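**Q** Sequence:
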Amino acid sequence: MQRRPMGATLMPVVVESSAPNQRAPLSGERVSAIVQLTLKAQHVKDAMVSVTFLSSRAMARMNRERLGHAGATDIITFELTRPVADAPVTGDMYICSEVARANAKAWGVPVREEIARLVIHGTLHTLGLEHPDGDARVESPMWRAQEKYLRAARRRGLV
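FYI, my numbering numbers position 158 of the sequence shown as 823, with every residue one higher than the one before it.
For the record, the hints were derived by calculation from the structure and aren't laboratory data. Nothing here was measured: the structure is a model prediction, and the numbers come from that model. Idealized CB from N, CA, C, for every residue including glycine. Please note that the accuracy of each hint is not assured.
Derived CB-CB ranges, DEER-like [unchecked claim]:
1. P775 x A706: 30 to 38 Å
2. R821 x G733: 33 to 41 Å
3. E795 x K705: 33 to 41 Å
4. E730 x R821: 21 to 29 Å
5. R729 x E795: 16 to 24 Å
6. G773 x K710: 32 to 40 Å
7. V774 x D798: 20 to 28 Å
8. A706 x H734: 16 to 24 Å
9. K710 x A771: 34 to 42 Å
10. D798 x A767: 33 to 41 Å
Required output: the full structure, derived from the provided sequences and hints.
**A** Written as C-alpha cells, this is what we have:
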C-alpha cells in the first residue's frame, strides 16, 4: 500500500492507494487540496481525513463486509465519532477509480471531475451531512454544496 501524507497543515489529509497498478486520475496533492477546500468552506478548523483508492475487487469486498451490499461502488465513507466535543473531525473515505471511470463515461463528464466530485461528496459525509436516496438527492442541500465546491475546485485549477 502506497501512503503519502500531504504536507504540514492544520488539517492533515492522507491519500493512499491499495491499487498500485492503477494510476489515480488526480494527484494526491490535488485530492488533498480538494478536501481542504471543502473543509474550509464548511468552516471546519480541525480535521483528519484519509482518502484511499481501491481496486474494484477490494471495494466489492469492503462493500460486502462493512455494509452488506453486493458489488463495487464508487465511494464508501466512514464518519468516525468524536470522543469529545472539541476533538477534530475524523473520517475515512474509499474511492474506486474503476467505478468512477465507468460513471464518468455514462454521465458524459471527465474522470477527473467525477473523482473530484466523489472526494467532495465523501468529505461532506465525514462531516455528518446526508442526502436522500434516488432522484431527490440532487435537490438536497448536501448535493448543492457539493456542486458549489466542485465549481470552486474547477476555478482553482484543481480539476
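**Q** For a quick check of understanding: which of the numbered hints are violated here, in increasing order?
**A** Result: hints 1, 3, 4, 8, 10 break, sorted rising.
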